[in-house]
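Novice: Now for the letters of each chain:
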Amino acid sequence: MLLQIHEPGETPEPHAREHSLAVGIDLGTTNSVVAVIHSHEDRAEVLRDQCGDGLIPSVVAYVGDKPVVGRAALAMQIEQHGRVVSSVKRLMGRGIGDVKTLGGSLPYELAEDSAGGMVRLKIGDRAVSPVEVSADILRALKARAESKLDQPVDRAVITVPAYFDDAARNATKDAAALAGLEVLRLVNEPTAAALAYGLDTAAEGLYAIYDLGGGTFDISLLRLEKGVFRVLATGGDAALGGDDFDHALAEWVIADQKLDKLTPIGARALLIAARHAKEALTAQDRVWLDCDADGHVLHVNVTRDTFDQLVDGLIARTLRACRQVLIDARVEAADVKGVVLVGGSTRVPAVRRRVSKFFGREPLADIDPDEVVAIGAAQQAKALTQGSDTLLLDVTPLSLGIETMGGIVEKVIERNTPIPVTKGQEFTTYQDGQSGMLIHVLQGERETVDACRSLARFELKGIPAMVAGAARILVKFAVDADGLVTVSAEERLTGAKAEIEIKPSYGLTEDEMAGMLRDSLTHAREDMERRLLIEARVEAERVLLALSAALKADGNLLDASEKAAINGAIAQVRQAMSSEDRDRINATVEILEQATHGFAQKRMDRAIAEALTGHSLDEVEKSMATDEPGDRAAADATSAAGRKAKN
Amino acid sequence: MIGGEHKAIPRAALAECWSCKGPVSVQAMFCHTCGAAQPPRQIDHFTRLGFEPSFDLDIDLLEKRYLGFQRSVHPDRFANKSARDRTMAEQQSVSLNEAFETLNDPLRRASYLLQLKGQTASVAKDQTVDDPALLMEAMEAREALAEAESAEAVEKLAVKAGADAIKLLSEISKAFAADDLAAANRLTTRLKYLRKFLEETRSRRVALESF
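Residue numbers (the working numbering), protein chains in the order written: chain A, 1163 to 1809; chain B, 47 to 257.
Hints in this document: simulated from the structure, not taken from any laboratory. Be careful, since some hints might not be right.
What the hints assert, rightly or not - Straight-line Cα separation of at most 16 Å, EDC-like style, residue types lysine to aspartate or glutamate; simulated pairs:
id, chain 1, residue 1, chain 2, residue 2
1, B, K110, A, E1701
2, A, K1764, B, E144
3, A, K1585, B, E147
4, B, K127, A, E1387
5, A, K1388, B, D106
6, B, K127, A, E1703
7, A, K1388, B, E255
8, A, K1585, B, E144
9, A, K1519, B, E255
10, B, K206, B, D177
11, B, K242, A, D1490
12, B, K206, B, E245
13, A, K1638, B, E62
What the hints assert, rightly or not - Cβ pair distances, simulated, as ranges:
id, chain 1, residue 1, chain 2, residue 2, range
14, B, G208, A, D1456, 34 to 40 Å
15, A, E1344, B, A253, 42 to 48 Å
16, A, I1696, B, D225, 56 to 62 Å
17, A, A1627, B, V252, 35 to 41 Å
18, A, G1367, B, Q88, 35 to 41 Å
19, B, E201, A, A1627, 54 to 60 Å
20, A, D1530, B, D225, 46 to 52 Å
21, B, M185, A, D1530, 53 to 59 Å
22, A, L1655, B, E98, 56 to 62 Å
23, A, N1729, B, A223, 54 to 60 Å
24, B, M185, A, P1426, 54 to 60 Å
25, A, T1566, B, D225, 46 to 52 Å
26, A, E1609, B, M185, 52 to 58 Å
Here the structure is a predicted model, which is why all the values come from computation and not from measurement. Cβ atoms here follow ideal geometry from the backbone N, Cα and C, with glycine treated the same way.
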């Protein structure tokens, strides 16, 4: 996990913006898709290969010097067993402990990693992290986009399952950084699907997005209204998907054919055959499953009824999650105006049948369920880079809390709270003179620490010596629009600046990340210098614009000599801005701020005097109305609020 | 809101714009002079969404204002702006979410209004001591729920509790209108129990339901 702790206003900023296109990426368990909206167009285009195929299998083969991604890797799955990685998304942000509970269903060997407790895959003689594998998939998507668009692509909106926790979200962001992609926003997959669907059909009302992919299940309820897409509730299972259907069928075959324990290679072959049989059963009532598993030549008849029974319990789990989100959103199934199906696994007839029975209506699948998420991501990428009339309001899928006495989790932010959100909780010391406090941050719905996911442990140090219970330590939790969690803490009585250490429980450590970035980005340092210079210029420009607006409004408060002094300082800033000298720009801005100090004071004094003599601020605002349409809307909204409050 | 008590803000209270240093209204999300996004100031949730503190709210208008304001400050609108601007807007967005979440739910709205009017402490006291009749009722309701063995039986209890909750809301509204804070406080505590019971009926219903 990269450190998410920072002072307000010190956020590193992605300012160096050329006018390159930003793409939308659906980084899936089984397949990935990249889509884009060209400038001056409304419709998203899925970027396809020469055969017209938009899907890139999320499979990576580590055979030669360079990783092979997609269909070519898929083709090597059996003969290069042990060097081909698939379904890696299920491991994102997971520790060894979690993976063991996935139940030995993984087709590759794991390497223990002592450092962060993070899973690594054993590929020949090297160990590869899921983040690196995902980065290789993202590189392939980036390469496809660049060759199709004939221009560099370095910004993307990437989708994640709504039910992904903080560790998995951070792991996804890390993977993008390794692949040389700046993530404009992480968007939840069902939300992206709703965006694509809603914009395409101008739908309004309450919609359920049922997203059953290869390895994850999400259900989200959204209210679509006049361009606002508001998520009311979201739920799901980060470890349930079409892969589990394959496993259920394969296990049935093992039992039915009385097969002994298969080797990993044999199991792999059987799983692939099971997947083919599952797919064939979408159109046919009975199929033959043919496979050579460790010398057992299998030719098994599978009926759709048999298959339906095998996956019945899995589908029931998805419906239970559907019921829970209806409850969370305080609505009934009958209130839902449409059900949108997303993810390849929704092609299974039993899934469609059970979902339509549950919601009491036929589900919608107008847009290809494999591509709808990437299309929504491309729409959001356009909205973020070129502006948009639509607005996405999402929620946090999992509750966030801290460990209290006795291993109990105290929730600070409840699930389905609209994001961005910030909440604080006060704690105190339990010993006289206690100078530090260990804070354990957890995510999940259960009551106990071991049943929730550990996000971070950090220690607050430097608490001044006080009697037990006297210190007031405010721990602040923030979830940003990407669904990423930030935690900070301070002692409030003394205002003492407390030192914070974050020990990432999962994901890459910062050192690992920095090392990998060094490997992949040779010009990182120059980029950084360049970025700081651009930032300094942007800030100077901001100061000049704000001052010019202020001068236009209140310039009559200044006499000629004061004006001259300010103009002189402005000229200095302008001159500095045309240079490449960051320090000089910052210094001249500083001087300008000092030169305008008296002016600011006069403006405040006048406003206060006017307020005292009975002019309401509304009138002041009206007389000062700006010419910019964007600002006017905001100012109007504020004065409307003011008028209302006065009644 | 993090820290600090909510105090009534005198009308036309002024703050300083961080960007152009000029005067702005404490309610303003943007500076009327230079257009910079402002940090959310410490104003109560009602004022933030343009309402007079009152239990009776036009919920449609509340939602309309919330969405309208969110449209102008949501982080998605500031992806290309400077870090300072983005931070300010994000904080505004956070404050709007908090204000809306509080006011949109009648129970949270009532509790918050009581808190604004200085009634916090007695809510906590009422919960445990002052209303034995309520405790008795709550216990009986829970027993009935534990004994309900079909989804239909649970549904019946939920419908009754739902109707009670609606009745309570109108009583709370009357209490606030008459400025009878003690009554409003007692009724709000009652609503809290009822709400909890309704949640229990829902999870019980899911447990009984077969898929």
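Novice: Please go over all the hints and tell whether each is borne out by the structure.
Specialist: Hint by hint, here is what the structure shows:
Restraint check for K110/B and E1701/A: not satisfied, since their Cα atoms lie roughly 34 Å apart, outside the 16 Å limit. Restraint check: the Cα-Cα separation between K1764/A and E144/B comes to about 35 Å, which exceeds 16 Å; the hinted pair is violated. For the hint pairing K1585/A with E147/B, the CA-to-CA distance comes to about 13 Å; that is within 16 Å, so the pair holds. At most 16 Å may separate the alpha-carbon atoms for a hinted pair to count; K127/B and E1387/A exceed this at roughly 27 Å.
Proximity of K1388/A to D106/B is assessed by CA-CA distance (about 14 Å); at most 16 Å being required, the pair is judged to hold. Taken as a hint, the K127/B and E1703/A pair is honoured in the structure, with Cα atoms around 12 Å apart against an allowance of 16 Å. Only pairs whose Cα atoms come within 16 Å are accepted, and K1388/A paired with E255/B is rejected, the gap being roughly 36 Å. Distance check on the hinted pair: K1585/A and E144/B sit about 9 Å apart at the alpha-carbon level, within 16 Å; holds.
Distance check on the hinted pair: K1519/A and E255/B sit about 14 Å apart at the alpha-carbon level, within 16 Å; holds. Between K206/B and D177/B the CA atoms are separated by roughly 21 Å; this puts the pair beyond 16 Å, and the hint is violated. Restraint check: the Cα-Cα separation between K242/B and D1490/A comes to about 13 Å, which is no more than 16 Å; the hinted pair holds. Straight-line distance between C-alpha atoms of K206/B and E245/B comes to about 13 Å, which keeps the hinted pair within the 16 Å bound.
Between K1638/A and E62/B the alpha-carbon distance is near 26 Å, which puts this suggested pair outside the 16 Å criterion. A beta carbon spacing of about 60 Å between G208/B and D1456/A contradicts the range 34 to 40 Å that was offered as a hint. Between E1344/A and A253/B the C-beta distance comes to about 46 Å, which sits within the given range of 42 to 48 Å. For I1696/A paired with D225/B, a C-beta distance near 58 Å keeps the hint of 56 to 62 Å intact.
For A1627/A and V252/B, the Cβ-Cβ distance of about 51 Å falls outside the hinted range of 35 to 41 Å, so the restraint is violated. Range check, G1367/A to Q88/B: Cβ separation about 37 Å, and the 35 to 41 Å hint holds. In this structure the hint that E201/B and A1627/A lie 54 to 60 Å apart at CB holds, the actual value being about 58 Å. Take D1530/A and D225/B: their Cβ atoms lie about 60 Å apart, and the range 46 to 52 Å is violated.
For the pair M185/B and D1530/A, the supplied restraint of 53 to 59 Å holds, since their beta-carbon distance comes to about 55 Å. Distance hint for L1655/A and E98/B: a CB-CB separation of about 35 Å, inconsistent with the stated range 56 to 62 Å. Between N1729/A and A223/B, the C-beta spacing of about 59 Å keeps the proposed range 54 to 60 Å intact. A beta carbon spacing of about 57 Å between M185/B and P1426/A agrees with the range 54 to 60 Å that was offered as a hint.
Between T1566/A and D225/B the C-beta distance comes to about 39 Å, which lies outside the given range of 46 to 52 Å. Checked against the given bound of 52 to 58 Å, the beta carbons of E1609/A and M185/B, roughly 22 Å apart, lie outside it.
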